[in-house]
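Kindly produce the complete structure, drawing on both the sequences and the hints.
Quick mapping for you: the protein sequence lines, in order, are chains Y and R.
Residues in the first sequence are numbered from 1 upward in steps of one, following this note's numbering.
Residues in the second sequence are numbered from 1 upward in steps of one, following this note's numbering.
For the record, the hints were derived by calculation from the structure and aren't laboratory data.
Hints may contain errors.
As the list claims (entries may be wrong) - In silico SDA-like links for lysine to any residue, alpha-carbon gap of 25 Å or less:
{"hint": "1", "chain 1": "Y", "residue 1": "K436", "chain 2": "Y", "residue 2": "P325"}
{"hint": "2", "chain 1": "R", "residue 1": "K6", "chain 2": "Y", "residue 2": "I451"}
{"hint": "3", "chain 1": "R", "residue 1": "K77", "chain 2": "R", "residue 2": "G133"}
{"hint": "4", "chain 1": "R", "residue 1": "K6", "chain 2": "Y", "residue 2": "K436"}
{"hint": "5", "chain 1": "R", "residue 1": "K7", "chain 2": "Y", "residue 2": "N279"}
{"hint": "6", "chain 1": "Y", "residue 1": "K436", "chain 2": "Y", "residue 2": "A302"}
{"hint": "7", "chain 1": "R", "residue 1": "K6", "chain 2": "R", "residue 2": "R38"}
{"hint": "8", "chain 1": "R", "residue 1": "K7", "chain 2": "Y", "residue 2": "E351"}
{"hint": "9", "chain 1": "R", "residue 1": "K77", "chain 2": "R", "residue 2": "Q130"}
{"hint": "10", "chain 1": "R", "residue 1": "K7", "chain 2": "Y", "residue 2": "R346"}
{"hint": "11", "chain 1": "R", "residue 1": "K113", "chain 2": "R", "residue 2": "E72"}
{"hint": "12", "chain 1": "R", "residue 1": "K7", "chain 2": "Y", "residue 2": "A422"}
{"hint": "13", "chain 1": "R", "residue 1": "K77", "chain 2": "R", "residue 2": "D149"}
{"hint": "14", "chain 1": "Y", "residue 1": "K436", "chain 2": "Y", "residue 2": "E341"}
{"hint": "15", "chain 1": "Y", "residue 1": "K343", "chain 2": "Y", "residue 2": "C391"}
{"hint": "16", "chain 1": "Y", "residue 1": "K436", "chain 2": "Y", "residue 2": "L323"}
{"hint": "17", "chain 1": "R", "residue 1": "K6", "chain 2": "Y", "residue 2": "P511"}
{"hint": "18", "chain 1": "R", "residue 1": "K113", "chain 2": "R", "residue 2": "V148"}
{"hint": "19", "chain 1": "R", "residue 1": "K77", "chain 2": "Y", "residue 2": "P511"}
{"hint": "20", "chain 1": "R", "residue 1": "K7", "chain 2": "Y", "residue 2": "A344"}
{"hint": "21", "chain 1": "Y", "residue 1": "K436", "chain 2": "Y", "residue 2": "D296"}
{"hint": "22", "chain 1": "R", "residue 1": "K113", "chain 2": "R", "residue 2": "R38"}
{"hint": "23", "chain 1": "R", "residue 1": "K77", "chain 2": "R", "residue 2": "L160"}
{"hint": "24", "chain 1": "Y", "residue 1": "K343", "chain 2": "Y", "residue 2": "L360"}
{"hint": "25", "chain 1": "Y", "residue 1": "K343", "chain 2": "R", "residue 2": "V115"}
{"hint": "26", "chain 1": "Y", "residue 1": "K436", "chain 2": "Y", "residue 2": "P409"}
{"hint": "27", "chain 1": "R", "residue 1": "K113", "chain 2": "Y", "residue 2": "G177"}
{"hint": "28", "chain 1": "R", "residue 1": "K77", "chain 2": "Y", "residue 2": "I179"}
{"hint": "29", "chain 1": "R", "residue 1": "K77", "chain 2": "Y", "residue 2": "N514"}
{"hint": "30", "chain 1": "R", "residue 1": "K6", "chain 2": "Y", "residue 2": "E351"}
{"hint": "31", "chain 1": "R", "residue 1": "K77", "chain 2": "Y", "residue 2": "E295"}
{"hint": "32", "chain 1": "Y", "residue 1": "K343", "chain 2": "R", "residue 2": "I2"}
As the list claims (entries may be wrong) - Some residues of chain Y that are not near chain R, with every Cβ distance over 12 Å (derived):
{"hint": "33", "residue": "I8"}
{"hint": "34", "residue": "C16"}
{"hint": "35", "residue": "L22"}
{"hint": "36", "residue": "I25"}
{"hint": "37", "residue": "D30"}
All C-beta atoms in this analysis are idealised placements derived from N, C-alpha and C, irrespective of residue type, glycine included.
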Amino acid sequence: MLFYAEPIEFTPQAGCGAPVWLGQIAEGEDLLRFAIAVHGAGGRIAALWGEDRRREAERFRLNCVFGINQGHVWVALDLPAQGDACPSYPDLSGIFPAASRMQRATRDLVGIASDGGDQRPWLRHGGWPADWFPLRHDSVHEVGVGVGFPNLPSDYDFVQVGGEGAHEIPVGPIHAGIIEPGHFRFSVVGERVLRLEERLGYQHKGVERRLAGADFATGTRLIGRVSGDATCAYAWAYAMALEAACGVAPPPRALVLRAFMLERERIANHLGDLGALGNDAAFAFGLTQFMRLKEDWLRLNAELFGHRFMMDRIVPGGVAGDLDPTALRRVVEQCEAIGREVKALRALYDEHSGLQDRFLTTGAITAELARELSMTGMAARATGLILGGRCYRQGYTPPPPYDRLGVRPATDERGDVAARVAVRFDEIFESLRLLKEMAVAMPEGDVRVEIAPVPGATGLGVVEGWRGEVIVGARIGPDGRLARVHPHDPSWQAWLALEHAVMNDIVPDFPLINKSFNLSYSGVDL
Amino acid sequence: MIPLLKKILRTGVITEPAVEVDIGPRQEIERLNDELLRILGRALTIREVDAGSCNGCELEIHALNNAYYNLEGRGIKFVASPRHADMLLVTGPVTKNMENALRIAYDCTPDPKLVVAVGDCGCGCGEVGQLFGENYATCGPVDNVVAVDVRVPGCPPTPLALMQGILAAVRRA
Ligand code: SF4
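What follows is the structure, given as structure tokens:
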């Protein structure tokens with residue numbers, strides 16, 4: 001099968017996961033042309049990672065996943081290895097700006113580089129040498145504090161803004177609140193933000209290196225901890241990738257239970273965010289109320305699933321644990337109760353003039369920008385883009401069980417903080433509806449099947465998590481263990497949008513704008 | 001304004017009181033809080049440092065301030081600067097990229113200071129503690145980098161376990 005009449009033969013991925021097509025190319029030129037065609041058709045870059053395949057094929061491999069209307073296409077470009085040198089591939093950041101940081105991370109980790117664009121290191125701060133690449137299979141190192149590579153302080157080349165009165169405000173890596181670390185460099189005139197440049201990577205803990213060589217079960221635990229607040233989305237995407245690779249279909253009841261957990265995760269995060277957004281606009285009442293609801297929500301998770309965030313409950317082959325009719329009834333009751341409360345709170349939020357004054361027009365981005373930056377998820381829908389892996393659209397059928405649930409996408413065209421608040425409210429109501437619907441029509445049967453590794457197989461999983469599209473690409477090694485697993489967080493793209501959203505707003509609005517996106521650091525630092 | 005006040009009144013005080021029995025962790029929360037207050041007799045200030053977590057631990061630390069646990073209502077406050085803090089609450093396997101920042105935060109915290117390592121990652125215990133281990137990018141558990149007084153294991157530890165850990169650290173001091 002061809003896309004956009006480009007000469008790349010694609011084959012559909014087997015199984016019941018999200019629709020994915022795989023294609024293999026040999027020339028960088030073909031990749032470039034395909035990327036241009038995807039961009040022209042309104043598509044986006046969804047993920048990009050590298051792979052050391054010198055053991056099997058004397059090659060490195062660049063993996064690019066593009067999001068198109070029909071689903072996702074996974075293009076693999078083989079790059080001949082030339083000794084220890086850094087092979088290069090065509091720079092995609094001129095077509096998709098979001099590719100830039102992914103390319104930089106790929107160079108830091110695998111040692112294959114784009115032939116243009118930003119060449120500053122991204123994940124490598126000073127903890128290992130520039131000519132040493134952690135994801136090459138022949139990279140050895142000593143571990144421990146004080147042995148191995150010295151941890152050198154690093155200098156980073158921030159883009160400087162000149163002009164009269166312009167100055168910089170550095171923030172981080174440790175922020176003022178209870179939040180993950182990252183560095184923000186504001187260039188301001190007076191209070192007005194002229195430019196924000198992010199420097200991330202502080203959470204880089206070598207997840208991909210730990211995934212390489214792990215068995216499926218260890219991989220499940222690792223992947224569930226890429227970004228703790230989206231653990232169900234990651235676990236599902238990982239399971240989907242391995243099931244596609246091994247030709248296993250999870251039982252229908254398992255699929256519904258997975259969606260059940262994913263929707264509960266979505267609601268938990270939205271509840272917390274709505275509270276925090278109220279708080280950041282000096283409306284502490286909102287925080288108190290929503291955190292109370294979130295706590296109730298998490299306590300029921302603990303009772304039903306044995307874990308407040310449902311970590312390690314979605315596993316390759318199905319789910320660990322089942323819900324009995326009593327549990328399902330309790331979920332329905334809770335959904336009714338929480339739904340009533342959120343409705344009342346929404347009225348209070350909507351009518352609170354001080355709150356709306358802070359929300360409206362603050363941190364606005366346009367749909368056009370969201371598309372240029374390849375954004376997905378809640379923040380993209382808050383610009384008016386109707387984009388969501390759970391919903392039908394012309395030419396796209398969502399994977400089960402969402403194909404039978406008829407999810408209505410929540411959108412808002414304003415693109416500001418108010419829009420992101422509104423979309424969160426709408427998504428809570430929709431997810432509550434889905435939970436109730438699933439609870440009364442839960443298919444009977446098993447919740448887990450055996451999954452045996454197929455050496456050499458590959459698979460891609462895509463799940464619409466609460467932030468946006470979570471992607472996991474996996475290849476199984478000849479020994480039946482994971483050879484390479486790459487998790488991709490929607491925050492890769494959305495972090496760029498944050499840089500744009502604060503422009504022309506004032507510095508004190510930054511915490512509010514930042515919270516309205518609530519992006520993952522750990523998910524992109526890996 | 002009136003609907004707002006109504007909502008506040010109707011919600012009432014939900015901080016878990018001691019009198020009621022059989023409602024899960026309520027008594028324990030109250031007991032811990034009383035003990036904390038008795039020992040301290042004043043406020044305790046905490047600076048949270050995420051030195052490489054997956055953000056799961058942060059979710060539970062946030063929960064400490066919800067009305068059920070109401071930590072701040074009892075005089076225990078999260079502060080913005082380590083210079084204002086009595087205690088550092090540190091999560092995550094300490095990444096190499098955060099090692100220096102953690103050391104600086106530690107040095108900035110006035111003596112006598114307490115350090116509580118949070119989560120299986122931060123403590124280096126359990127199966128999860130081994131997941132990231134020590135590698136090219138991480139220094140491993142918190143006590144590989146700064147001295148730790150008390151460890152709160154769990155992935156992530158529940159708010160209750162966190163309260164117990166904070167109390168244990170204060171008791172030791
Ligand atoms: S202990 Fe668990 S929740 Fe906490 S940082 Fe580690 S993996 Fe995340």
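Do the hints match the structure? See the list:
no., hint, verdict
1, Y:K436 - Y:P325, "13 Å, holds"
2, R:K6 - Y:I451, "54 Å, violated"
3, R:K77 - R:G133, "31 Å, violated"
4, R:K6 - Y:K436, "29 Å, violated"
5, R:K7 - Y:N279, "17 Å, holds"
6, Y:K436 - Y:A302, "19 Å, holds"
7, R:K6 - R:R38, "35 Å, violated"
8, R:K7 - Y:E351, "14 Å, holds"
9, R:K77 - R:Q130, "32 Å, violated"
10, R:K7 - Y:R346, "12 Å, holds"
11, R:K113 - R:E72, "19 Å, holds"
12, R:K7 - Y:A422, "21 Å, holds"
13, R:K77 - R:D149, "19 Å, holds"
14, Y:K436 - Y:E341, "16 Å, holds"
15, Y:K343 - Y:C391, "24 Å, holds"
16, Y:K436 - Y:L323, "14 Å, holds"
17, R:K6 - Y:P511, "29 Å, violated"
18, R:K113 - R:V148, "10 Å, holds"
19, R:K77 - Y:P511, "20 Å, holds"
20, R:K7 - Y:A344, "9 Å, holds"
21, Y:K436 - Y:D296, "17 Å, holds"
22, R:K113 - R:R38, "19 Å, holds"
23, R:K77 - R:L160, "16 Å, holds"
24, Y:K343 - Y:L360, "20 Å, holds"
25, Y:K343 - R:V115, "42 Å, violated"
26, Y:K436 - Y:P409, "17 Å, holds"
27, R:K113 - Y:G177, "19 Å, holds"
28, R:K77 - Y:I179, "15 Å, holds"
29, R:K77 - Y:N514, "23 Å, holds"
30, R:K6 - Y:E351, "15 Å, holds"
31, R:K77 - Y:E295, "20 Å, holds"
32, Y:K343 - R:I2, "16 Å, holds"
33, I8, "35 Å, holds"
34, C16, "28 Å, holds"
35, L22, "30 Å, holds"
36, I25, "31 Å, holds"
37, D30, "34 Å, holds"
Going through the hint list in order, the structure does not satisfy hints 2, 3, 4, 7, 9, 17, 25.
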